[in-house]
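Chain order of the listed sequences is B and H. In our numbering, each number is its position in the first sequence, counted from 1, plus 622. In our numbering, each number is its position in the second sequence, counted from 1, plus 424.
Derived from the structure by calculation, the hints contain no laboratory data. Treat the hints loosely; a few may be bogus.
[To be verified] In silico PhoX-like pairs for lysine-lysine, Cα to Cα no more than 25 Å straight-line:
(1) B:809 with B:656
(2) B:642 with H:570
(3) H:571 with B:642
(4) B:1035 with B:1016
These are the residues of each chain, in order.
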Amino acid sequence: MKAPESLFPRLEPLLPRVAKPIQYVGGELNATVKDWDDVDVHWALMYPDAYEVGLPNQGVMILYEVINERPDALAERTYAVWPDLAALMREHGIGQFTVDAHRPVAAFDVLGVSFATELGYTNLLEALDLAGIPLHSAGRTEAHPIVLAGGHAAFNPEPIAEFIDAAVLGDGEQAVLEITDLVKAWKAQGRPGGRTELLLRLARTGGVYVPRFYDVDYLPDGRIHRVSPNRSDVPFRVHKRTVMDLDEWPYPKQPLVPLAESVHERMSVEIFRGCTRGCRFCQAGMITRPVRERSITGIGDMVDRGLRATGFEEVGLLSLSSADHSEIGDIAKGLADRYAGTNTSLSLPSTRVDAFNVTLANELSRNGRRSGLTFAPEGGSERLRAVINKMVSKEDLIRTVSTAYAHGWRQVKLYFMCGLPTETDADVLEIADMAKDVIRAGREAAGHRDIRCTVSIGGFVPKPHTPFQWAAQAAADTIDHRLRLLRSAINADRSFGRAIGVRYHDGKPGIIEGLLSRGDRRVGGVIEAVWRAGGRFDGWSEHFSYDRWVGGCSEVLPAYGVDLDWFTIRERNENEVLPWEHLDSGLDKEWLWSDWQDALDETEVDDCRWTPCYDCGVCPGMGTDIQVGPTGRTLLPLTPV
Amino acid sequence: MVQRLRLRYAKRGRLRFTSHRDFARAFERALRRAGIPMGYSAGFTPHPKISYLGAAPTGVASEAEYLEIGLAVHMDPEAVRVALDSCLPTGLDIEECVPAAGETLADRIDTSWWRITLPGLDFSTVDTAVQGFLAAAEIPVERLTKKGRRSVDARAAVVSISTVGGTPTTGSGPCVILDLVVRQVSPAVRPDDVIAALAAVAGCVPTAPVRATRLAQGRLDESGQLTDPLAPDRAAALAAREGSPETIAGAQR
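Using the sequences and the hints, build the whole thing.
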């Protein structure tokens, strides 16, 4: 195919008329633009949210680099376009474009879309429509890209099954290379069998889910009867991908640095993937197992190379629970030593109270700013924390936080969820007591009153592939009621005045997230109706409209005998066929069910990294194993160049 | 801080959409990547010593933006320029770097020279509008600011406005080029305000967004010419180079 022309000359005159035009011009540090004709396979990678959110996304950055390192493939990036530019693009007939070379997305072989959250679904439809790609997979021809979903939401892609051609579950690094090989071979052979043949070849790998090859039957009561392949040559279940040795995949090596301001202005290094703490609400911790650590030296090399490539002054050590790395103390000390005197700060975005200590915190802030500390007890009461299996005692929390205040920290943020299974008003009200105790102990430890604690709380959304996948989601009214109670309980005591801040989100967006998380193919029509009614950027409160979603549900769902409540606040029983059961995250359904029963009995499980296996099923099922240190190595000082 | 350097940089092509904040972040990262030994402010959150002069608006190109940096170690100014330029994307280009000497940059800059391309208009329409503009004593135009709409006089700050050449054509049809010299007053009068004023006095409305470039900044001398704000710094550096080594060493102490 002829190289598509750049859309930039036609886009450029529109840019003075839109907000933050810099987000559409590309030219980021470390961006790659290759010649179209020099490669066989063209990938457009989309993060379906605004540029400022999408650009720092690690998943997209990793795949962008992995694909572009191949001499026979290229990857360019595209992001959701704000409504001001979208309107002008429609007026002037300009399609969805990549920011790298401003090529039309419709011209690529594959459009890979990374869904960190389900609230990006309407942005997918908007991008497809702007690109001139038929919304429905069934309407596409060989001339259109394969629309491929990835990211955590792809573990239940059923609500968007009719809009995507395929989905990949799990780690993308190796998957994109295999898919590139398949697409390349199919094109070289003259595209035998057309689009169907290519999708079949993808499906037969066992690691790519192609919804059109699976049929869903429903029972008279609306529940799913079964999901089964409609042809004999595709697998019954599709398995997730797992990259085993993170040191072999030190990406991103050259992180993108935008000119525009983005949500994370730092050099991020994923220090391990997966988590086996077993928090029952946490989808990420369930679907990314087992734990695979990057070695201390691998981390040191990535930080060194990344800082030189970007000029960032902050390093984020990312993972689902960063202080759990077996060598976190040596990593923090080694990095603080290396970058002493350079104003380079380190941060651990996710830290458990029980894994945190002040020595670690001191290393982290040695070269930089002693900003706030953040902990996530998630549940207000000890009982509730047993239900969710996040065993942090109030005493531990108070002790840790007081020590931090005594060492000069002034600000602590505490994250909680509201609407957890079995939760009562009393559980939520205990959050107020906890915050007050934190301030009381903190004032004593610090010896002054200039300390703050912020309570941040949002509604819990049950997710697929977790022990809470069967749970009834709390109604929006229940969430709002409990949050009101909490706020008045905190404000009632004047002696804490402004020392305790409360940040909360109302319950309605969580209900829609719940619909999209545990929905099935019947929800696809709702997404389309909402998009047609103007739904975009549903993750942004100023764009989200609950009424529009309720309208979409009542337009589409009655024909199936189900409704919004049926998908959200209804508890499922053990033998119900869940919409994602043909998608294998490695977790045994029996184990998930028994863990759900343990939750209701307030029984905890221990982390299998340090105690015997609790038989979640992932390691034997996926042929994987826990990969943790310590390696015993340390970070040597860098030789000056 | 042992050395102050003054830089002139350009904002060109698609990177004219860089806002001042965007540029500042990119510049600070370039300093780090280039390993420039910056001086830092003292205090709880140390900042590198950088002072920016009033930046061209987002979407407006410039050949003449200025800033000053403070270094903790003496560096060769040209080496700093080359290192920084190579660490910034093409389109954000460091054009000059000289040691600071004498009064502040702000004392040497009070006027901007803009060149504006007006697409879809013919020469006589624009020329009539320019004459009407010059004849007026005051031309209030509305501007949308963060605080809502406010009225700005687009006339008083304009020192000169004139058409350049005849009617050249760009890729998108005919256009007229305007040269505009504007004093830097508060509230600032921007190219957009002058375009709005031309529309107000003579209904002269371009068919597509105008392209503006700041060609130079400086002070107007007696003859009405813009002076180069880095000229005294360059002269001082030259004098120092030509002076005896002892003199230079003395000056540095």
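Legend entry - Those earlier numbered hints the structure runs against, lowest number first: Every hint satisfied by this model.
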